[in-house]
Amino acid sequence: RAPSLTGPDGTPSAPLLDRDEERHRLHRFLSRGRSVRLTAPPGAGRSALLAAVARDCADLAPDGVIRLSGYRRTPEDLLHELYAAVHHTPAYRPGSTELAAALRVIGAVVVVDDLEFGGAALDELLDATPECAFLLAAHPGVPGPENPSRVEEAELTGLDLDACLELLRRALGRALEPAEADWAAGVWRDTGGLPRRFAQAAGVAGSRPPADRLATALADGSPEAGREILRYAVALGGELPGPERLAAMTGNPGAPAAHGELLTHGLIGIAGLRHRLAPGIQGELLAAGYGEGSADRLHTAAQHYAWWLSRPEATHADAAEEAEALLAVATAALRAGHAAAVSALARAAAPLLAAGPRWGVWEGMLHAGLEAAGAAEEVAQQAYFRHELGVLAILHGRFDRARAELEASTELHSAVEDTGGLLMDRRALALVTDLTTPPARAALLPVPAPIGPPPPPAVGAEDQTQVI
-2 RAPSLTGPDG TPSAPLLDRD EERHRLHRFL SRGRSVRLTA PPGAGRSALL AAVARDCADL
58 APDGVIRLSG YRRTPEDLLH ELYAAVHHTP AYRPGSTELA AALRVIGAVV VVDDLEFGGA
118 ALDELLDATP ECAFLLAAHP GVPGPENPSR VEEAELTGLD LDACLELLRR ALGRALEPAE
178 ADWAAGVWRD TGGLPRRFAQ AAGVAGSRPP ADRLATALAD GSPEAGREIL RYAVALGGEL
238 PGPERLAAMT GNPGAPAAHG ELLTHGLIGI AGLRHRLAPG IQGELLAAGY GEGSADRLHT
298 AAQHYAWWLS RPEATHADAA EEAEALLAVA TAALRAGHAA AVSALARAAA PLLAAGPRWG
358 VWEGMLHAGL EAAGAAEEVA QQAYFRHELG VLAILHGRFD RARAELEAST ELHSAVEDTG
418 GLLMDRRALA LVTDLTTPPA RAALLPVPAP IGPPPPPAVG AEDQTQVI
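For what it's worth, the numbering used here labels the leading residue of the sequence shown as -2, then goes sequentially.
Don't read these hints as lab results, they were simulated from the structure.
Since we're looking at a predicted model, the values are computed, not measured.
Note that the Cβ used here is the ideal one computed from N, Cα and C, for glycine as well.
Be careful, since some hints might not be right.
Stated by the list, open to error - The following label-pair restraints were derived from C-beta to C-beta distances:
| hint | residue 1 | residue 2 | range |
| --- | --- | --- | --- |
| 1 | D187 | A401 | 46 to 56 Å |
| 2 | T261 | D187 | 47 to 57 Å |
| 3 | T312 | P207 | 41 to 51 Å |
| 4 | P207 | R308 | 39 to 49 Å |
| 5 | A311 | R22 | 43 to 53 Å |
| 6 | G280 | D157 | 25 to 35 Å |
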């Protein structure tokens, strides 16, 4: 049942050097059913270690090893993704009772990279999955659970000098010259022995720049397709569209190959099961001029995504694959003044995101769309986003919020004389009334005459499962 242990583009794990002690310790805890929280700074080789431990644990649990991304995920996101990974249920979202029952009997080693929450939220995740052992990787500063005894703690630091020199030798495919070895020792001192910095160093070993110029030297030496990818990453605050989307946005069919080279050289890195600009180099690239023209690139990205997701063959999986990039484009393009383009993007993306497991992304896109439609003075679009926010609130059981959003949508639909939209609002408001009326009072309420086809089932009910 376990998914592939390679990255989303099929790239193999990075070389794992000088990590045997950490690898065996993590395996030992997991084999005993203990959960572990591994903290490590960006670039320390955390993802490579997780991949190795995941392979070691392949036969430990009935449901195998399940790898998830904690990047921009809430506890609810992870629980639904864990359910989907075991039960293979695309476009199906179980209700809370079904979800809770299913999670209690899942027995797996669950590897979560880039976890972004701790405290009570982490306790919620652990409580819901009593038969799972978690390997949770997080940056320093992300808190642990409220009860420290819930997980074992482990820390990953940089490599020693010999291991870093070996990484550099492997990357270059030859022995180091004395001057290169001396330069590499300086890089090691300045970077704390982070493996990613030595992946970057391998690309510029001939020029031997100082450690704080590694990224710029690598970027400037990349082909134009690679430099353009970095410009998009800078414009998006570090997020990256997928390689095929980058090819379309840049108009350069060589973008996927350039994307792979940037990954090899450590200018982009793994964020969960996706890629983004390597941590710590955004400012360096901005100073080198890679932020010039960002507004135009954001407009291009918003228009491309709106077109791509409006195609009849577009699916919720397409939107889910690009979720982080979609939100980054919407946020940054709105800030750059491209309100109409963001409104169109959000209108195309929202229905597809609603059918996926990550409703937090759906909600973020709806809010971005509402703000953009307001800035562009698009009343009909504002009504759509208000209505969908009302539907989302129903699904979460936030009925006061749902009523407020739907009443606002009604006013906007009235302003543009959208009869169909008004009917949808009224049906949704009737559903809110049904769900908040005690049974004794419900029998006294008049039954409204049906208008057109019957409304959908009560999606806010406890075990409603399908969202389309």
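To see whether the hints hold, each was checked on the structure:
Checked against the hint of 46 to 56 Å, the pair D187 and A401 passes, with Cβ atoms roughly 54 Å apart. Judged by the Cβ atoms, the range 47 to 57 Å given for T261 and D187 is violated: they are separated by roughly 22 Å. Our hint of 41 to 51 Å for T312 and P207 holds, since their Cβ atoms are close to 47 Å apart. In this structure the hint that P207 and R308 lie 39 to 49 Å apart at CB holds, the actual value being about 48 Å.
In this structure the supplied range 43 to 53 Å holds for A311 paired with R22, their Cβ-Cβ distance being about 45 Å. Distance hint check for G280 and D157: the Cβ-Cβ separation is about 28 Å, which falls inside the suggested range of 25 to 35 Å.
Of the numbered hints stated above, the single one contradicted by the structure is hint 2.
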